[in-house]
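Given the coordinates of chain A, assemble chains B and C onto it according to the supplied hints.
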Amino acid sequence: MSAESAPRRSGRRYPAVVRGVIGIAVFIGLAQAVGASGLVKQSVLPLMSTVLARASGLAGNTRFIADMGATLAGWALGLGITIVIGVPLGLLLGSVPVVRVATRAIVEFLRPIPSVALILPVELLLGPGLRTAATLIVYGGMWPILYNTMAGLDDVDPVAKDTLRAFGFGRLAVIRHVSLPSAAPFIATGIRIASAVALILDVGTGYLTGRIAGPGIGAFIADANSGSGNTPLVLGAVIWAGLLGVVLNLLLVWAERRLLPWHRTSLGYADLTTARAPAAAP
Amino acid sequence: MRRLGWLSRWVVLACGVGLWQLLADWRHSAFFPPPSTIASAMHRQWFSGPASHLFLTPDATGNILPSLGRILLGLAIIVVTGIPAGLAIGRSPVLTDFLDPLLQFFRSIPVVTAAPVFIALFKIGTQMEVATIVAGTIWPLLLNTIDGARSIDSVQVETARAFRYSAWEKVRWLIFPAALPKIFTGLRLSVSLSLILMVFAELIGSTDGIGYEMNNANQSFDLTGLWEGVVLLGILGYLMNGILYLVESRVLAWHRSARQGAS
Amino acid sequence: MLEITGLSRAYGQGAAAHLAITDITLSVADGELLTIVGPSGCGKSTLLRCVGGLLAPSSGTVVLNGTPVTRVPDRLAVVFQDYSRSLYPWLSVGDNVALPLRRTVRSRAERRDAAAAALAAVGLAGQRSRYPWQLSGGMQQRVAIARALACDPVLLLMDEPFGSVDAQTREDLEDLLLAVRAERGITILLVTHDIDESVYTGDRVVVLTPGPGRIRAVLPVTLPAPRDQTATKELPEFVKLRAEVSRLVRARGAVPQAG
Chain A
4 MSAESAPRRS GRRYPAVVRG VIGIAVFIGL AQAVGASGLV KQSVLPLMST
54 VLARASGLAG NTRFIADMGA TLAGWALGLG ITIVIGVPLG LLLGSVPVVR
104 VATRAIVEFL RPIPSVALIL PVELLLGPGL RTAATLIVYG GMWPILYNTM
154 AGLDDVDPVA KDTLRAFGFG RLAVIRHVSL PSAAPFIATG IRIASAVALI
204 LDVGTGYLTG RIAGPGIGAF IADANSGSGN TPLVLGAVIW AGLLGVVLNL
254 LLVWAERRLL PWHRTSLGYA DLTTARAPAA AP
Chain B
906 MRRLGWLSRW VVLACGVGLW QLLADWRHSA FFPPPSTIAS AMHRQWFSGP
956 ASHLFLTPDA TGNILPSLGR ILLGLAIIVV TGIPAGLAIG RSPVLTDFLD
1006 PLLQFFRSIP VVTAAPVFIA LFKIGTQMEV ATIVAGTIWP LLLNTIDGAR
1056 SIDSVQVETA RAFRYSAWEK VRWLIFPAAL PKIFTGLRLS VSLSLILMVF
1106 AELIGSTDGI GYEMNNANQS FDLTGLWEGV VLLGILGYLM NGILYLVESR
1156 VLAWHRSARQ GAS
Chain C
46 MLEITGLSRA YGQGAAAHLA ITDITLSVAD GELLTIVGPS GCGKSTLLRC
96 VGGLLAPSSG TVVLNGTPVT RVPDRLAVVF QDYSRSLYPW LSVGDNVALP
146 LRRTVRSRAE RRDAAAAALA AVGLAGQRSR YPWQLSGGMQ QRVAIARALA
196 CDPVLLLMDE PFGSVDAQTR EDLEDLLLAV RAERGITILL VTHDIDESVY
246 TGDRVVVLTP GPGRIRAVLP VTLPAPRDQT ATKELPEFVK LRAEVSRLVR
296 ARGAVPQAG
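For the record, the sequence lines run as chains A, B and C. To convert, count from 1 in the first sequence and add 3; that's my numbering. To convert, count from 1 in the second sequence and add 905; that's my numbering. To convert, count from 1 in the third sequence and add 45; that's my numbering.
To be clear, the hints were calculated from the coordinates, so they are not data collected in a lab. Given the structure is predicted, the values throughout are model-derived calculations rather than measurements. Possibly wrong hints are sitting among the right ones.
Claimed, not checked - Per label pair, the in silico range of CB-to-CB distance:
hint, chain 1, residue 1, chain 2, residue 2, range
1, B, Ser953, A, Pro184, 50 to 58 Å
2, B, Asp1113, A, Val29, 39 to 47 Å
3, A, Asp160, B, Trp915, 25 to 33 Å
4, A, Trp257, B, Ser1056, 20 to 28 Å
5, A, Asn64, B, Pro963, 43 to 51 Å
6, A, Thr166, B, Arg949, 54 to 62 Å
7, B, Val1156, A, Val29, 31 to 39 Å
8, C, Ala162, A, Pro184, 53 to 61 Å
9, B, Asn1121, A, Val250, 34 to 42 Å
10, A, Arg66, C, Gln58, 53 to 61 Å
11, C, Thr50, B, Leu1007, 44 to 52 Å
12, C, Arg175, A, Val21, 48 to 56 Å
Note that CB positions come from ideal geometry on N, CA and C, so glycine has one too.
So that you can see chain A by itself, here it is in the shape it has in the complex (with noise of 0.2 Å):
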């Protein structure tokens, strides 16, 4: 019997939600009095006010709905080919085991390249558009689902997949009946880490390469951030990119509720960790 001692979830009085208004609101009300305060210049440092303004007036601008249904069906599309490919191909690999230690020394050494910095050679080899952001896309999602789907294999029960070979099943049945479901949950953490990896790409490589490539939020605050600049601009339409992030993640967790409901899904922060640390030294 434990005493009280492990800070709960309090209950009653004021739930959870409740104070989470609360604290959005006072952060609003604290960011709007520094402003107005005058403790930072304007030019600087934009009032809270004006930056809700300007980013309520963006939920009437069609240019700047296009560029979000723009970023979206980059996201879908190009995390849509990662998921695809990727888990069927971890899948794969991580069921040899030559080929698992040759594509796990494969992925260690090009993990760390950091996807943004290919944005520039592979835009100069394809040139701007949507070839080049579902190619970056793809490139930088397929890590976390490779490396979540193989390491999700890793874990499997031996117990639980030589139980069923021993009723006389094949190793396809194996992977579909034992396998997978016990991997789901992390090529699931996968899944939401590569869905993040691909906004960041999609927003990144829209900044960089400009209007030229086509539509986009990353297009959208490169063209506000031009010339003399709008920073009320660019704030709003980075909470609205802020937004859109939330209901993709919202979306996920939901998905991975219905699809593995055996699997306590958090809301958290799944897609800041990773699956498990690095397994040796490098």
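Below, chains B and C without anything else, positioned relative to chain A:
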């Protein structure tokens, strides 16, 4: 057996590089120069300096060092601010309730947007770059620290109460060590992100640095130069992960062994 | 040295309130080993925590050596059941034992000596630089006991300390407890669900009713000292006491006047 695993990855790397070399020599492509070309270009540009300067050329000291400096400064800032804040928030369920939606929102913002924001705010320069790195990398560290502080074993906490540890003693001997595994998880991610943000920030808002050099290479269609940058970043990322791994295995030796030893 | 008067503790509020213990009045003499036993859910652990200042009572008082207990008092030590979770895995055995001493004992050398002495007292001399998870369950619990002893407490509270070890180890630890008490004269409150243990180790046995826990009976243990696991348990006196406690623990219905 473990030695074999360690060796095998270098064998794989060597094979991969060898394969690339063969392909590049066979199909001469301006877009994919062979590793030998890239390696010699890197040597020429960065590593052919005097021994007294660790073989670094002025180009290297003028670009690689500032980039590293920005990363290290950014990481230092997030460690010094993020860990204490994370521990405090994690131990206070009230504070967590208030801050959670706000934190969820901020960490969902694609990190690269920090760069345009800070260019708009601070204009070009080191201030903008460090701010970008800090703004992007603090989230994994902060949120994982909060998670670590929040999930401390209740019996350990009760023990601290029963022996009447002061607040500082609790932090030093219980909360911080108990949260350390999660802190390192966050740190690993923050370190990877720091590389990404450093490059991105320098691509758009800098007058020196690796990203700046890559930007120049881009504008003069110098693909070799671009690949040089990519390879260098890969090496830096690998080294940074490696150093972090070494530190982690030292500091968290008890953690791995305890989990293996647990019944 | 310990006076408990009318102690009650309820969890929750209003209609959903759950009364764990009620109307506990008890007096503990200096150097006494008092065992507290009862069926599951009788509030034994709650009682211990209230005595130790870890929980605030809903009503009633606890007075230790003349001072009312409002928070965890000085010179009190606790041993929990779950040693694997109570010892800190990032500290060596020696550091775990010495940690509570950091406030009172300034010099590192003195702390080390005190820890070494405590470890020797529980039979773990030489284990100082090992880590808790490298030790067996019984040894880990000894470390927890050593940690409690190192603070030189006047009152030792133990919450089912031997519940998680095997029977053999349990007997060894019971004897260790008796030896330590004989040597140092500490007052000990031992909560246990093991009836044999309560009679074997105790000077008096307090039997609680099922929840909400009241004192059903307080039985003096008239067994000779020193106790021996085999010899003492053969004595007819032991068998009789043990049976009496067992009857009281299993009894349902109204509480006879607490004695």
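Hint numbers not upheld by this structure, sorted from lowest to highest: none
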